[in-house]
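The primary structure of each chain is shown beneath.
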Amino acid sequence: MIDQHLSVLLVVLPLLSAPITAMLNRANLAWYITLIVTSLCLVMSVMLLLDVSSGQVIHYELGGWAPPWGIEYRIDSLNALVALIVSGIGVATSLYAKRSVENEIDATQIALFYATFQLCFLGLLGICLTGDIFNLFVFLEISSLASYALIAMGSNRKALTASFHYLVLGTLGATFFLIGVGLAFAATGTLNMADLSVKLLESQDVQLVHTAFALIIVGMALKAAIYPLHLWLPNAYSYAPSVVSIFLSATATKVAIYVIIRSLFHVFSYEYVVNTLLPEVLIVMGGVAILYGSLRAINQTGMRKMLAYSSVAQIGYMIMGIGFLTKAGLTASLLHLFNHALMKAALFMAAGLFIYRVKTATFENIKGLGREMPYTFAAMIIAALSLIGVPGTVGFVSKWQLLQAAIEQQHWTMVIIILIGSLLAIVYVWKLIEVLYFQQREKIRVHGVQSGSEEFGRSPLTMSAALWMLALMCVYFGINTDLTMSTAQSAVEILFAADGGQR
Amino acid sequence: MDYILGHINYWIIILLMMIGLYTMMSKPNLIKKMAGLSVFQTGVILLYISLGKVTGGTAPIVAEGFTEYSNPLPQVLMLTAIVVGVATTALGFALIVRIQEAYGTVEEDELEKMDSEV
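Line by line, the protein sequences give chains A and B.
Residue numbers for the first sequence follow our numbering, so the first one is 1 and each next one is one higher.
Residue numbers for the second sequence follow our numbering, so the first one is 1 and each next one is one higher.
Bound-form chain B, shown alone (with noise of 0.2 Å):
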């Protein structure tokens, strides 16, 4: 118990980019797709704030009174991340646009018997 309790941030990190994969895999719809990427990669993102994280630590500020700092790089580093995952994003959703008015669907399962018609 104490294992799970301990660890409780990292099994929230897992459940979530398993939640992101599942949706990803399953799901036909593109919209669905592209949400459940976004959901892997936030994931991502909070198993690197939580490497950084300090126990007692406070914001890498130097100030009197504090001698413990949390890790500000993988902080740094995730906002680099993010931008990347909103240009993916943006990108994903810019093509569906242009699925739909190239197909009239999104439909993923549509789209292959369209694919395999012509």
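Bound-form chain A, shown alone (with noise of 0.2 Å):
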């Protein structure tokens, strides 16, 4: 009975527990409410992960309504894959959430904080399940919405101009995406994803037909965050409480490619989109966004905003490889959003736990502190190798499949470009090791907080904890690749099935 409801529970779940949690306004109890659910939830979503693993559907149809009249989720390997992403990076944001939360939140407004973290975590999953795409829509804004006021609650007040420009760049991409559904809905009459498929094929010739995938596509790509629409991100993720940080760079991007695959090819059909100038465009403003990216990065005077611009340059390799539009780089692309979200979850967390030591993470602030933190220091390595590329890493696993990707296509601009990529990674994250390890800490009290002290003397062992479970995932998954590589190739499989993966 259970198992019939798991992927509409997956998100009715925290829909029923957030208005709960805002009620109860208790920070304590806030913080385990959000804990289970957030557990139940990867709980959930491996189940469903493992109920499509051998390439099957489920359709779940809403309150009994047959699709395409009803909202219908429709679940395979690559929803499954995101909404673990989701989860899990929730999961963990969780555990690390507490500690990092009562230090950098008003303590009376700890409850309402993990009220609205919960609706952001319900709507990202949400996207991911759901098969109408007008619903998707509404998850879209309801995670956006959530996702703004969290941004607001970091402590500097930057953190406000950055959340008011989230809002107006967010909603007027939303907006583009609401035109472009509009449009297509004129043209087939139907909103449900799999029958749009069907009907779009028919009347692909229509003007109506291009300015609807126009519209969708840059709506999403400003979601996305890829570049030249990046604008809104290195601010955002720079000013927002740490978990905030955590959570929206590991995940709220991560879901917008998820739904720009989801439409090139189960809304528009590869047929239509390789006739597009599409592909080129992406794969161009790929390459352009890992070298801005990277190089803004090596200029910035602080770890989350090098963070940031990192993720831009990341998502720039996720873009290049759907832009190949071959399975080999699509696979990179989806392994690259699964270890992309492990590693910079885990470095933002090491950030976390520096703003938690001595409030800030600008790198005069924290020189030498990695001599003070050890362990913290050495799971930010293990991340930042990652972010590399260095092999027993995931982010050698997916830069190499993007590699061969670009190689099979004779892109050799790509190839390069992606080879520099990683040797500017290699010039920041260096940067950063040696802000952290080789230089003298000059001030030993920041902000009026002693370092050493007995209240900041130990990083909390939730936090710890949360940061070595992600880099050890980090190499785990680097090593052992078989679920993540079956898992991306069967969903890339779905998605060149010739009949839209309507079984």
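Some hints could be false.
[Said to hold, decoys possible] Below are the DSS-like pairs computed for lysine-lysine, each with C-alpha atoms no more than 27 Å apart in a straight line: (1) B/113 with A/158; (2) A/158 with A/367; (3) B/113 with A/305; (4) B/27 with A/158; (5) B/113 with B/27.
[Stated by the list, open to error] Pairwise CB distance ranges (calculated): (6) A/476 with B/19: 49 to 59 Å; (7) A/430 with B/109: 33 to 43 Å; (8) B/49 with A/228: 48 to 58 Å; (9) A/274 with B/53: 33 to 43 Å; (10) B/4 with A/274: 33 to 43 Å; (11) B/22 with A/327: 37 to 47 Å; (12) A/70 with B/7: 29 to 39 Å; (13) B/15 with A/275: 28 to 38 Å; (14) B/110 with A/202: 45 to 55 Å; (15) B/10 with A/108: 47 to 57 Å; (16) A/70 with B/22: 35 to 45 Å; (17) B/28 with A/274: 37 to 47 Å.
Don't read these hints as lab results, they were simulated from the structure.
For clarity, every value in this text was computed on a predicted model and none was experimentally measured.
Each residue gets a CB set at the ideal place from its N, CA and C atoms; glycine is no exception.
Starting from the two chains in their separate frames, assemble the complex, guided by the hints.
In structure tokens, the structure reads:
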């Protein structure tokens, strides 16, 4: 009985718990609820992934209304993989959140913070699972509105302007997406993605369809922070509370990229996309994003801003893989989606621990901190090596795949750019290591906090545990690639299946 | 001329959207930006309503003497979109209030100047 409703429970559970958390308004209780809900969601998404791993598709009709009239949740390997990323990172973030939130958020707002966090979590899961394109828009707005509120809770006042910019640009992106959906609806009369793909195939050459395609892709590209639409990202991630940076950097843009992949292959079709300009644009923008993001990352003076620009670069790798429009390219993109979530979350967690210790993560103030916090530093190094793509870590697996895909397509410029990107990553990662380990500690006291004093002398166990969990997963999935690889491959098979995966 | 008059609702919608977009991009005042955003969203709502209208169709309630009905689906969708729009506007204004408290201004150029100083 529960089995059948798994797909919708993933969304309903946090939807119920969020208002309960807000109404109870008790800080500690809120954290327990969040941890339990995210853990249950993780268990459910693992069960979903196992259910669809052999290639079948789960259809769930909401309220018993048959699609295309009712809303349908349609789950295959691709959805299940992205849902697993979101819920996995959700658990790790909740575990990490307790002490970090106590430290950064005003005590009266903690319960509301967790309620908003659950809403954001549910929105992202909903985007992954739904098979109805308007329903997707609604979930997109739920997660976006929650994330604007979360970002604005940052302690620096710049968090407010960053959040406002994100609100304006994010709403613009979502509205573009909505216009695109409206035009697609005008052309076909349906909102169900599977139904849309069949009907759009019949009316490919209509002007309306081209416009719808352009608006949907541009709208989602804004959400995914694809260069040159990334402007909201660096400030939003670097001034948000640590927990929010961790969660959003690992999930929000990934989910938007998932929507792009889904739209390209299951709303519009491979035959349609391959005849447009888009694949070339994605490849070139991916290449530019890698170079631009990495170069800007090198110039930053704060750890979190550096990581944010590095995210812009890493998104470049993902969309380049999509742009190749081959099985190898897409497999690389999906792998990188999963892998980047692990390593970027781990890196932002390390930054969060530094903030916990000295209230800030600018390079000036964290000089030599690596020697004081050897365990945090070691875990951070593992994640940072993964960001470069050192063999034995997850970063290597996906970059290697992408490189092979580029060579297969004989895009030699892109091969060189991928390699240069890794070299630039070495530069900014080295800069971070140099600051943390090789420079002398100048100021012992920062913002009135005595380092080594009793209160801040130790990193809280929950925070370190979450960080190490992700760092070890970076290594584990770098050596044992069976699970991620087979899931990514079966997802790609479904994407390229001639019938659009309608089984 | 017929082409313009025949699609008059769409022309007005496009005009509305462009007014909204232009306001958002050109005005430094954050409140005016939010106003532009709302106008833009209203344009989209009207677009959907136009899509569902069938010439000569009535409200989709089964009754004697009526055979043609407008499509109710876009109107239902727009109820959701209006709710989303209201939430966005409310959150935007809440942020503006907080920005005013923290910076003492809601002009974007002044905000940027203050941000780059620190």
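The hints, checked one at a time:
For the suggested pair residue 113 of chain B and residue 158 of chain A, the alpha carbons sit about 12 Å apart, so the restraint of at most 27 Å is met. Restraint check for residue 158 of chain A and residue 367 of chain A: satisfied, since their Cα atoms lie roughly 23 Å apart, inside the 27 Å limit. Proximity of residue 113 of chain B to residue 305 of chain A is assessed by CA-CA distance (about 19 Å); at most 27 Å being required, the pair is judged to hold. About 20 Å separates the Cα atoms of residue 27 of chain B and residue 158 of chain A, which keeps this hinted pair within 27 Å; it holds.
As the CA atoms of residue 113 of chain B and residue 27 of chain B are separated by approximately 16 Å, the hinted pair is consistent with the 27 Å bound. Distance hint for residue 476 of chain A and residue 19 of chain B: a CB-CB separation of about 54 Å, consistent with the stated range 49 to 59 Å. Hint check: residue 430 of chain A to residue 109 of chain B, Cβ distance near 38 Å, so the stated range 33 to 43 Å holds. The beta-carbon spacing between residue 49 of chain B and residue 228 of chain A, approximately 33 Å, falls outside the hinted interval of 48 to 58 Å.
For residue 274 of chain A paired with residue 53 of chain B, a C-beta distance near 36 Å keeps the hint of 33 to 43 Å intact. The given range of 33 to 43 Å is respected by residue 4 of chain B and residue 274 of chain A, whose C-beta atoms sit roughly 36 Å from each other. Take residue 22 of chain B and residue 327 of chain A: their Cβ atoms lie about 44 Å apart, and the range 37 to 47 Å holds. The supplied range of 29 to 39 Å is met by residue 70 of chain A and residue 7 of chain B, whose beta-carbon atoms lie about 33 Å from each other.
The supplied range of 28 to 38 Å is met by residue 15 of chain B and residue 275 of chain A, whose beta-carbon atoms lie about 32 Å from each other. Remark: the range hint 45 to 55 Å for residue 110 of chain B to residue 202 of chain A is upheld by a beta-carbon distance near 54 Å. Take residue 10 of chain B and residue 108 of chain A: their Cβ atoms lie about 49 Å apart, and the range 47 to 57 Å holds. At about 40 Å, the beta-carbon gap between residue 70 of chain A and residue 22 of chain B stays in the expected band of 35 to 45 Å.
A hinted range of 37 to 47 Å holds for the C-beta pair residue 28 of chain B and residue 274 of chain A, which are about 43 Å apart.
The structure fails hint 8 only (numbered hints given earlier).
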